[in-house]
Amino acid sequence: MSVVPVSYYLVLSAILFGLGVVAFVFKRNIITIFMSIELMLNAVNLAFVAFARAHNQLDGLVFVFFVIVVAAAEAAVGLAIVIMLAQHRQSLSVERVNLLKF
Amino acid sequence: MSLAFILFFLCALLAVGGALALILSREPIHSALALILVMVSLAVLYLLLGAPFVAAVQVIVYAGAIMVLFVFVIMLLNMGAEEHTDFSKIAKFAGWPLALVLMLWIGYWLAHAQAGAAIGTGAAVEPASTPGLSTQLFRQYLFPFEATSVLILIALLGALVLARKEE
Numbered sequence: 001m002s003v004v005p006v007s008y009y010l011v012l013s014a015i016l017f018g019l020g021v022v023a024f025v026f027k028r029n030i031i032t033i034f035m036s037i038e039l040m041l042n043a044v045n046l047a048f049v050a051f052a053r054a055h056n057q058l059d060g061l062v063f064v065f066f067v068i069v070v071a072a073a074e075a076a077v078g079l080a081i082v083i084m085l086a087q088h089r090q091s092l093s094v095e096r097v098n099l100l101k102f
Numbered sequence: 103m104s105l106a107f108i109l110f111f112l113c114a115l116l117a118v119g120g121a122l123a124l125i126l127s128r129e130p131i132h133s134a135l136a137l138i139l140v141m142v143s144l145a146v147l148y149l150l151l152g153a154p155f156v157a158a159v160q161v162i163v164y165a166g167a168i169m170v171l172f173v174f175v176i177m178l179l180n181m182g183a184e185e186h187t188d189f190s191k192i193a194k195f196a197g198w199p200l201a202l203v204l205m206l207w208i209g210y211w212l213a214h215a216q217a218g219a220a221i222g223t224g225a226a227v228e229p230a231s232t233p234g235l236s237t238q239l240f241r242q243y244l245f246p247f248e249a250t251s252v253l254i255l256i257a258l259l260g261a262l263v264l265a266r267k268e269e
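Sequence lines, in order, name chains A and B. Mapping of the first sequence onto our numbering: position 1 corresponds to residue 1, and the numbering continues sequentially without gaps. Mapping of the second sequence onto our numbering: position 128 corresponds to residue 230, and the numbering continues sequentially without gaps.
Only chain B is shown next, with the shape it has when bound in the complex:
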């Protein structure tokens, strides 16, 4: 049991626990904090996978910006706890088993698809080079990059139009 394994299982446990807390808590703010826990533990996993820049972006953009937006809106609206509604019988008896089947199936499929390739053997994890990453982003993926900037602009305009007070 090496350090990497211990760290992986610790973070995996935190991530799954956070996701469960997101589902089980009734207060939206608790769900948001649980999701932040998931994101931070995923950032540690990215570090383990040798992607330090992605880990930094995960913490700064996801946990730092997007979740702050969520928490801000929750605080702003202050609608209190989730209302308890009567679940449909189908959701009660088929929901969890079907979700379990989905998880197992995706997990099995993903793990199985990888079985052929020689994965994670021997060699220590070498961090992915950030210069290489930026070269890839600004050369090979230049058009999608520019397209996302247009997308951001449109989203900005959309949010402005939606949030505007009507005269």
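With the rest of the complex left out, here is chain A:
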């Protein structure tokens, strides 16, 4: 059984990261913007696992765990901020949050 080349995974990871960047820039809903960050982190995780496979080392997999932990912490704090924001502004649109905008 032939094995899928690691470069395929890396290209898929790049595509997912690019789509994450697109979502981050285009979306106006702050929760969706958070989700696009998660998408980018996932893409990076895929690259980590692919590199770990390519070099036959486990360090990449350990890094994935750290990324997941940081993503969980970020989601917890970020969503708490989102709830505060929704209570104060009655909206989730980032266009409405312009107090610090020049």
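It is worth saying that the hints were derived from the structure and are not from the lab. Positions of the beta carbon are idealized from the N, C-alpha and C atoms, including for glycine. Heads up, a few of these hints could be off.
[Stated by the list, open to error] Partial list, derived from the structure: chain A residues whose beta carbon lies under 10 Å from chain B:
#	residue
1	Y8
2	G20
3	V21
4	F26
5	K27
6	L41
7	L46
8	A47
9	Q57
10	I68
11	E74
12	A80
13	Q87
14	L92
Model the placement of chain B on the given structure of chain A, informed by the hints.
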């Protein structure tokens, strides 16, 4: 065309489709479900890459815990569909092409950086040993591991302080 290739392209298609659905849907809940699709198909890809433990953690922690948190907040706030705003002209005409260039460039660079090493040839994928992984995590990466536990604690406190009702 072996089974591994078919599975890879199926999951890659699902992942990219899910990411596109995340961008294109206006309802946040649809975006969240699309992201769960991406995460599950990535878990299958981790299995293909011979990392079963990472795949399990991906499903349990990412799709199971983090996304449930997202869905919970979306349901709690219930703010409805995304507002349609006028995009700036620059975003309209430069955004997608530049994103495409970024994707191609990163993909080319990543694939090219790997060209030198002998990758993915012949040998069947051997699953990464979970005992080896835990040894690595608790020996070589013990300090970062403890640091992440402190990070989690701080995040917990931060979320509590933020979500608290002000008297």
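Hints, verified against the model:
no.	hint	result
1	Y8	7 Å, holds
2	G20	7 Å, holds
3	V21	6 Å, holds
4	F26	6 Å, holds
5	K27	7 Å, holds
6	L41	9 Å, holds
7	L46	6 Å, holds
8	A47	7 Å, holds
9	Q57	9 Å, holds
10	I68	5 Å, holds
11	E74	8 Å, holds
12	A80	4 Å, holds
13	Q87	9 Å, holds
14	L92	5 Å, holds
Violated hints: none; the structure is consistent with every hint.
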